[in-house]
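First to last, the sequence lines map onto chains A, B and C.
Mapping of the first sequence onto my numbering: residues 186 to 485, in sequence order.
Mapping of the second sequence onto my numbering: residues 6 to 424, in sequence order.
Mapping of the third sequence onto my numbering: residues 295 to 630, in sequence order.
One should not assume that every hint holds.
Claimed, not checked - Listed next, the in silico DSS-like pairs over lysine-lysine satisfying Cα-Cα at most 25 angstroms (straight line):
{"id": "1", "chain 1": "B", "residue 1": "72", "chain 2": "B", "residue 2": "318"}
{"id": "2", "chain 1": "B", "residue 1": "419", "chain 2": "B", "residue 2": "154"}
{"id": "3", "chain 1": "B", "residue 1": "403", "chain 2": "B", "residue 2": "364"}
{"id": "4", "chain 1": "B", "residue 1": "318", "chain 2": "B", "residue 2": "152"}
{"id": "5", "chain 1": "C", "residue 1": "404", "chain 2": "A", "residue 2": "475"}
{"id": "6", "chain 1": "C", "residue 1": "404", "chain 2": "A", "residue 2": "230"}
It is worth saying that the hints were derived from the structure and are not from the lab.
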Amino acid sequence: MDLNALTECLVSTSCMVTQVTSGFIIGMLLFLVAIGLTLIFGVMKIVNFTHGAFYMIGAYLAMTVFQATGSYTLALLGAAIGACLFGVVVERFFMQRIYGGNVLMQLLVCYALVLILDDLVRIIWGPEFKSMGMPDAFRVPPLFIMGGIVPPFYLFLIAAALAIAVVAGLAIARTRFGKTIRAAAHNPSMVSVLGINTGLLFTGVFALGCLLAGLAGGLAAPVRSLTPGMGFSILIESFIVTVIGGMGSILGALVGAVLIGLIRTFGALGFPLFTEALMYLAMAVVLIVKPSGLFGREAT
Amino acid sequence: MTKTPLTSMNRRGFLAAGAAAAGTVSMPWVASAQAKTIKVGFPTILSGRVAQLGTSSRNAAQMEIEKVNAAGGIGGRTIELVVRDTKGQPQEAARVARELVNSDGCELLIDAEASTGAFAVHEVARDLGVLCIHTNSETSSLSADPKLKLPNAFRCARQGIHDSVVGGTYAAEIANAKNLTRWATCSPDYAYGRDTTAEFVMYLKQFAPKVEVISEAWPKIFQPDYTEAITKILQAKPQALYSCLWGGDLTSFIDQAAIYALFTQMQFYAVNMADYTALTAVKNLPAGIHSGNRYIKTFPSTPENAAWGDAYKAKYGEYPTNWSWQNALAINFLAEAAKKANSADGKKIAEALRGLTVKSPFGADGTVTMRAEDQTIVGYAVGWGTTIPKEPYVPEMKSVPWQRIFELETAWKKSKGFA
Amino acid sequence: MKSQALRDGLFGLAAFLILAALPLVTTSSALIDFVIRCAALGLFATSLNLLVGYGGMVSFGHGLFFGMGAYSFGIIMQRTGMPIPLAILLTMAVAAIVALVVGAICVRLKEIYFAFVTLAFQMLVHSMIIAWTPVTGGDQGLRGGIPRPSFLGINLADQKQLYLFAAALLVVGLLAMRHIVSSPFGYTLRMVRDNPTRAGFLGVDVYRTRLTAFVLAGVFASLGGVVMSLFVSGAYPEFAFWTMSGEAVFIVMLGGTAAFLGPMVGTVLLLLLNDFVTRVAEHHGLVLGAVILLFALGLRKGLLDFALDWRAARRTRAQAGGDKAAGADKMQGVAT
Chain A
186 MDLNALTECL VSTSCMVTQV TSGFIIGMLL FLVAIGLTLI FGVMKIVNFT
236 HGAFYMIGAY LAMTVFQATG SYTLALLGAA IGACLFGVVV ERFFMQRIYG
286 GNVLMQLLVC YALVLILDDL VRIIWGPEFK SMGMPDAFRV PPLFIMGGIV
336 PPFYLFLIAA ALAIAVVAGL AIARTRFGKT IRAAAHNPSM VSVLGINTGL
386 LFTGVFALGC LLAGLAGGLA APVRSLTPGM GFSILIESFI VTVIGGMGSI
436 LGALVGAVLI GLIRTFGALG FPLFTEALMY LAMAVVLIVK PSGLFGREAT
Chain B
6 MTKTPLTSMN RRGFLAAGAA AAGTVSMPWV ASAQAKTIKV GFPTILSGRV
56 AQLGTSSRNA AQMEIEKVNA AGGIGGRTIE LVVRDTKGQP QEAARVAREL
106 VNSDGCELLI DAEASTGAFA VHEVARDLGV LCIHTNSETS SLSADPKLKL
156 PNAFRCARQG IHDSVVGGTY AAEIANAKNL TRWATCSPDY AYGRDTTAEF
206 VMYLKQFAPK VEVISEAWPK IFQPDYTEAI TKILQAKPQA LYSCLWGGDL
256 TSFIDQAAIY ALFTQMQFYA VNMADYTALT AVKNLPAGIH SGNRYIKTFP
306 STPENAAWGD AYKAKYGEYP TNWSWQNALA INFLAEAAKK ANSADGKKIA
356 EALRGLTVKS PFGADGTVTM RAEDQTIVGY AVGWGTTIPK EPYVPEMKSV
406 PWQRIFELET AWKKSKGFA
Chain C
295 MKSQALRDGL FGLAAFLILA ALPLVTTSSA LIDFVIRCAA LGLFATSLNL
345 LVGYGGMVSF GHGLFFGMGA YSFGIIMQRT GMPIPLAILL TMAVAAIVAL
395 VVGAICVRLK EIYFAFVTLA FQMLVHSMII AWTPVTGGDQ GLRGGIPRPS
445 FLGINLADQK QLYLFAAALL VVGLLAMRHI VSSPFGYTLR MVRDNPTRAG
495 FLGVDVYRTR LTAFVLAGVF ASLGGVVMSL FVSGAYPEFA FWTMSGEAVF
545 IVMLGGTAAF LGPMVGTVLL LLLNDFVTRV AEHHGLVLGA VILLFALGLR
595 KGLLDFALDW RAARRTRAQA GGDKAAGADK MQGVAT
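Please work from the sequences and hints to get the whole structure.
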């Protein structure tokens, strides 16, 4: 434990700025993955263990497109669209068969798909780790904001993720698709009785989740090494995020993600050897005090 | 990438192996000594994040085995490598190693597992008494701790303590010259990371007494994001940073630290940088990173070493890794020991291995020795240098004479209660 | 009730005799190793099914107790040299206490939330194992081998005797669990699973019933951990990692949750698949995944459940005018 470092940081603006922004950086990627998880759970009542795989696919696609075209914009588009299309295929062929089924059977199918997708990536891109490299536009010195250090790329990342959060939030609050999603989350049989094609709706939600996960992969690709199975750790952390925030709540996912990010950055200062344990502790505490999560509806 | 000849067991082979194992569990190599081929079990990691450890180990071993077989094999028998994936799980490593010996009829084991798995295979070697050469575990205690010593287990891999002696000496020289006194460390939070870092710091402080470590970051192994560690280090404003992150973790760290301009603010000592995969994976490698040699075909700068690196590249389309040379050397040791013992019998080979010196492209002076007292290799090329972002990547490596390494190693062993 | 206990006992005895006779007909030590691993994972998975199948509580953190078992047993043996049976009993007692504390917090929660909070506790324990290096050996695990002093003329350092010992532990453990699920407590547990509110009206203490099941499951899981630590002669943090819990969940799913022996069938199936596929295929994730998919999407339930349901359905068809409702009830595939 190193509480000195922690208190020293808490009273210094430069340190606070740096640590808080880096908390957001970690949190935002988690958030993008967690939105999909939480939406898919909210609507289809399925714990989608394959979600990390779409993040991985997004990252690899971004790298391939970036190396082929040199354009990071195209790379991000490729990652998002590719993961989305792939999501549609997976949903149509596998997920549709397990909706409403036994929870454990759903897990089994997801596990099998993760094994397969990890191996496919290994066959296509090889077993060794890869690195995409930073796009030229962002290869610039970091900014100093109130004494804190903030790389421009991360500002872009945070802005992009927040923009998506706002758009997704508005879309779900205002649009017809969003209203249907909320209704379906609340009472799926009613939605289907009202003549809405739930099959199509489910595919839409799943594809949206995959699109965001793929985008997260694309945003992470310049700074994280790419390996088969890379979706795994982000999946676990995103789960913690959704559980803390409340399964089914987008706002919850946002708050949970930032919370985990801050726990990581400040935990690294104060409790360098127990940062990981702190996350699980936070999850356990939330579950015990409010099982449905900070922003979740009561458990049914 | 080439495929291994996967040895699917036929029914007869299975029965024969079963019969061979009957009643001879303690000495499995005796029973099938008549077979024409000698099977060498090769438990390693072929899936997941560190699959490259397995593939590059296997490739190198395979390449050497082809040479040995072309020259008549060992004890007149051709070597057949039986490679199995352990997925990096210790209980799978133990299971696979047992199975290789008990049902596949492997008479020797080359344990190409990472550290945790290596300790598990070590226990199997203790149980079964089979000759076992660890090729990828760099954790010093595996061979230094007398409690773990087995007559039938050897290590053919670099060791954390040797790297640290050389690294500490090298870094102290620069620290003294440039007056670098404020240091930080950032290493993975597991046994290898902690031990190697502690040893490096110990020697650094011994040779540069003014050095103090003002900040330590301990990210988890395989952690995807190092932002929290990077900002922590930046807050402390050190003059130099040491890290024993490796593989994809190291390249992630560099990519992420580069956008914080960390490398313009401090000197970076990364013992595991000078491996071709890491060097080529990072797209914009900052110049001037100090690194230990993992595998570099220009160090030692001999024609033999360059030829070996090129041959590997020609065969597999990529440069060898640190794991590659260690496994290649293990095969060389096996072949040489078998020749000396004039037998393929595990016990006789073990006897011949103790204290054996072989000619090798990876030796500091053209030879590597399997030290008899703790059954681990010494005399291999170990150096530190500064990297540049293109070939030859490390133009100049500085080394420390092995005599000096031995002195310091002995003192370290005493302090640990190992000797 | 009596006659069923007797039948189970005889069945267990027969199973043990068959296992004991195995070394006489085969000399393959791989087969012997295989049975030892089946014993370890079978005990572990069957204990999980006490929660999943009979209690309706899906735990993602059951590996905690498997790891606890392996570690406590290993540490006790390395530090005290106590006779093995005593060390096993002590280990089970430790697991019971830990399960009581963890369970007291967890079993209040329902469904997916129960799953996640058990996962959180498991990961906390996993972090502790890694951080508490002087005792646990940290991330490298308990090294240096676990001493196995002879007791009552049994020498567990000998693979054949270890095999017999593991087979005996498996049979005794399964019989004990079988006894639990066919006892009045077992029926109370099923009632709590099916309708906790109604059970509460009938005077059942729901919380207490769940907690008891949680403790019992933890104790038997630790026994599985003991067998595993004897087999690998060590203990590793992976035993307490969530992947271990995941493996148990998959075993239970593969074999089936309704029949008592479902998890045993699942254990054999998963180990066979794993061993065979890693042996013949380089891309074993691909192959293993495809096979699991076939099972999950093709059968839609565990193998033993599928087989039993199929038999039941045939029987129902056979007695054409018979009570269809009874057959349909069985088709639900819940532990009865």
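So, going through the hints one by one against the coordinates:
1. B:72 <-> B:318: Holds - the C-alpha atoms of residue 318 of chain B and residue 72 of chain B are around 16 angstroms apart, at most 25 angstroms.
2. B:419 <-> B:154: Distance of about 16 angstroms is within 25 angstroms: holds.
3. B:403 <-> B:364: Holds, at roughly 22 angstroms.
4. B:318 <-> B:152: It is violated: about 40 angstroms lies between the C-alpha atoms, which goes past 25 angstroms.
5. C:404 <-> A:475: Within the cut-off at roughly 12 angstroms; holds.
6. C:404 <-> A:230: 15 angstroms, holds
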